[in-house]
Every structure is written in structure tokens, then in C-alpha cells.
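Residue numbers (this note's numbering), protein chains in the order written: chain A, 1243 to 1393; chain B, 1243 to 1393; chain C, 1243 to 1393.
Calculated directly from the structure, the hints in this document are not laboratory data. Quick caveat: nothing in here was measured; it's all calculated off a predicted structure. Even glycine gets a Cβ: it sits at the ideal position worked out from N, Cα and C. It is possible that part of the hints are untrue.
[Stated by the list, open to error] Mimicking BS3-like on lysine-lysine, the simulated pairs with C-alpha atoms at most 30 Å apart in a straight line are:
1. C:1266 <-> A:1266
2. A:1266 <-> B:1266
3. C:1266 <-> B:1266
[What the hints assert, rightly or not] Not close to chain C: a few residues of chain A, all C-beta gaps over 10 Å, as computed:
4. 1246
5. 1275
6. 1279
7. 1344
8. 1351
9. 1373
[As the list claims (entries may be wrong)] Examples of chain B residues toward chain A, derived with CB under 8 Å:
10. 1271
11. 1278
12. 1281
13. 1328
14. 1391
15. 1392
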Amino acid sequence: MESMSLDNPVFRVFLGHSVLVLFKTCLMSVITVAVYYGSPGEKTINKDDAGKGVRKNKKSEALANVERVRRCHLNDLENVIPFVILGLLYVATGPDIESATIRFRIFTISRFFHTIFYLFAIPQPTRFLAFLAGFAINISMIYRILIPANF
Amino acid sequence: MESMSLDNPVFRVFLGHSVLVLFKTCLMSVITVAVYYGSPGEKTINKDDAGKGVRKNKKSEALANVERVRRCHLNDLENVIPFVILGLLYVATGPDIESATIRFRIFTISRFFHTIFYLFAIPQPTRFLAFLAGFAINISMIYRILIPANF
Amino acid sequence: MESMSLDNPVFRVFLGHSVLVLFKTCLMSVITVAVYYGSPGEKTINKDDAGKGVRKNKKSEALANVERVRRCHLNDLENVIPFVILGLLYVATGPDIESATIRFRIFTISRFFHTIFYLFAIPQPTRFLAFLAGFAINISMIYRILIPANF
Chain A
1243 MESMSLDNPV FRVFLGHSVL VLFKTCLMSV ITVAVYYGSP GEKTINKDDA
1293 GKGVRKNKKS EALANVERVR RCHLNDLENV IPFVILGLLY VATGPDIESA
1343 TIRFRIFTIS RFFHTIFYLF AIPQPTRFLA FLAGFAINIS MIYRILIPAN
1393 F
Chain B
1243 MESMSLDNPV FRVFLGHSVL VLFKTCLMSV ITVAVYYGSP GEKTINKDDA
1293 GKGVRKNKKS EALANVERVR RCHLNDLENV IPFVILGLLY VATGPDIESA
1343 TIRFRIFTIS RFFHTIFYLF AIPQPTRFLA FLAGFAINIS MIYRILIPAN
1393 F
Chain C
1243 MESMSLDNPV FRVFLGHSVL VLFKTCLMSV ITVAVYYGSP GEKTINKDDA
1293 GKGVRKNKKS EALANVERVR RCHLNDLENV IPFVILGLLY VATGPDIESA
1343 TIRFRIFTIS RFFHTIFYLF AIPQPTRFLA FLAGFAINIS MIYRILIPAN
1393 F
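Start from the sequences and build out the full structure, keeping to the hints where you can.
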């Protein structure tokens, strides 16, 4: 049977979870803009964004907050994008639906918690544990993909 | 019918547009190097790149220009990579070719404009509007993918 | 024949190489943490990570080392993720297995060398040449994908 097909129930479950984490990743752009305009202080990342009367060379509260959101966004790129690509390859190896669903769910839930812990600056090791859960899922999918792989 | 097949006309249109935006994203690396060596001033991002007689701790014109290109590159990673992955999943849901082509075209054109606006520091809101068009396409594909998705 | 299927020998070779480079990319997160805790000095990227007695506004040896690993990680995102996506599309165009295997191998080997050259700060142009090899493979796959593409 074709793997990337709506007739494949594992692919439908993959669709749901990958879309959720990609939506969350895309939302980080919106949160960046919201935090940028919602924070007090100077805003001088790009010259063309700077309005009149803006002094330079002083890192404002707004920039510090935005940098936190951006690091969180970058962490998503480092983890969510590999998850979606690995998940697609993993679906093509024909896993049973129960183990695939568990893997996709643990990853999705852990990444939502990771974002909450990061954005609200919850003390460690909460964020690290959320990262670790998602990371472990990626490694376990890599292991499953390696079995039918050739070199 | 198989979705990721040259027999699928929607997939062929997806191929063309995703290759264009991925090519543009890859080109950012070349532009980074070109701006780096084309700009005057000190170049000290990496110790192993620094030649003799280079003073440290002073941000040069070259580095400022390079950082602009790098932010543009990062913005591509944040938007183009999700587009290509979402587009692949969207093609698998079997959209009609007219609405798929319109989505792919709007995204591709908006990202080329986004890069031009960013690199030449055209005053806002030009760049923001170009970003918004691409972002809206990604969200609309997420919505279409969610319909056949399971959890 | 279906392209993303274990019956397709080109897809199996793609699986092996893409999993290797994605595994290496995921490992960068672990290396970041290892370098962070293995280096002397102050560690103040995030407020919630800072312990007691940590002074601010002074870039420590630990942070400098971590930033090198992070730039290497970002370079992977810029090159490995496009490779895996382009590779998947390239496999769908039905290349013969010899030329596909050579492309995947050159890319994989060049990226492992790139990481070694970057992390151990081997003098240029070693890292640049490793980057160039991977970049050339991506461009050559873009060229092959463009042939059957529509717009």
C-alpha cells in the first residue's frame, strides 16, 4: 500500500500531529511580533524598522523578550522540522499504528510543554525534560528507519 | 493515484515551486559569503577565519551586513521549510490543481519579494506584507490538511 | 512504482543517508549541552538557567564555545534540511540508483567533515570546501528536479 495516502491510517495520524507542531512553530513568528510591539523600550534590530527618536546601542527590554521567543523558535526548527521529516520516512517503513500514534503523541505534547516552559521562563529542568522527551522520540524513529535502510 | 508521482500533475506543479524557493534559500549562503568578502571592515565571527592584524571586539560594517543576510536566511528557514513540508502533505490530501497552483504561486512570489525587501532594507511595511502573504498560505494549507487528519 | 516505498531501492539508499545526516544534526543539541557544562566560566544565556552568584554582561569561555556549536548547528539546518527535502523530491523523479547513491554519499561524507572542521576550529578553507561539496550536491539535485517540474 502507498505510505503517503489518505488510505493509510498511520499517515492520517501523522498528518494530524505534524500539522499541530508545524502550526505551533509557525505561530512563533506571530508571538515574536506580538512580544516585540507589546514590550516597552527601544526596538532597533533592523535599521529600516527603527522609527524617529530611537537611540542605538542599548539593548531594550523589548529586544530581550524578543530574543527569548526567537531562541524558542530556533529550538523548534532544530527539533520539529527533523521530527516531521523523520516521521514521514518512518511512516514509509510501515510501522503498526499503535506504536506510531504513541510516538507522535509524546512528541507533540512534549513540544507544546517545551514552548510554555520556555516562553514563561519556568525554572529548569522542566524545559530540558520536555526537550528530552521529543529528542528521544526522534532518536527512536531514527533507529526504526535504520532497519530497512541501505547504504 | 499516488501523490508523490510524476503522473500527478499537482505534484509536478509543487516540484517547480518548492524547488524555486529552496534554491533561493540555498542561495542565501552564497549571498552571505559575497556580502562578507564584498564589505569593508573587520571579519571576526570565527577565530579560524581571522587573518593576521585583525582587532577584536569591534563590530564592523562587514559583520553588520552579513547579519542582515543571516536574519533573512533564518526567516527563510522559518517559513520556506514549513511551506515545502506542508505543501508535500497538502499534495497528499488530493487538492484540485487550480487552488494548489494559486497557493504555491502566491507563496513563491511573496518570498522572492520578501528577500528583496529584506536585503535592500526597503522601509516597512513592505517586508511585513510579503511575510504575511506567505504565512497566510501556510496557515491555509494547515487548515486543508487538518480536514482528513486523525489524532 | 511508488517512490516512497521500501520496494524502491533508491528510496532505501536515501533512507540510510538522510537518517545519518539527520542523526548528526540532532546530535548537535547534545554536543551543545556537553560543551556548555564542560566549559569553564559563566553561563547566562537564559535567566532561568542562571544559578546563584552568576554575574551578568560578561561573555564567558563557555558561551563562546557554545556559540561555535550553535553556528555549526544552524549551518546544518541551512544545508541538511534542504538536502533531505530535495532528496525526497529527487527520489520521486526516478533517478538511476548509481547517480543517486553517489550524490547521497558525497553529501553525507562532506557534512561529517564539515562538522569536524567546524567544531575543532580547523583553519580555513577546509570547512568552506566541505560546505561547497554539500552545496554542489543540493544544486545538482535542484537541476534534476527542475526537468520534470511544472509551473
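Hint check results:
{"no.": "1", "hint": "C:1266 <-> A:1266", "verdict": "25 Å, holds"}
{"no.": "2", "hint": "A:1266 <-> B:1266", "verdict": "25 Å, holds"}
{"no.": "3", "hint": "C:1266 <-> B:1266", "verdict": "25 Å, holds"}
{"no.": "4", "hint": "1246", "verdict": "6 Å, violated"}
{"no.": "5", "hint": "1275", "verdict": "21 Å, holds"}
{"no.": "6", "hint": "1279", "verdict": "22 Å, holds"}
{"no.": "7", "hint": "1344", "verdict": "20 Å, holds"}
{"no.": "8", "hint": "1351", "verdict": "19 Å, holds"}
{"no.": "9", "hint": "1373", "verdict": "8 Å, violated"}
{"no.": "10", "hint": "1271", "verdict": "16 Å, violated"}
{"no.": "11", "hint": "1278", "verdict": "18 Å, violated"}
{"no.": "12", "hint": "1281", "verdict": "15 Å, violated"}
{"no.": "13", "hint": "1328", "verdict": "6 Å, holds"}
{"no.": "14", "hint": "1391", "verdict": "4 Å, holds"}
{"no.": "15", "hint": "1392", "verdict": "4 Å, holds"}
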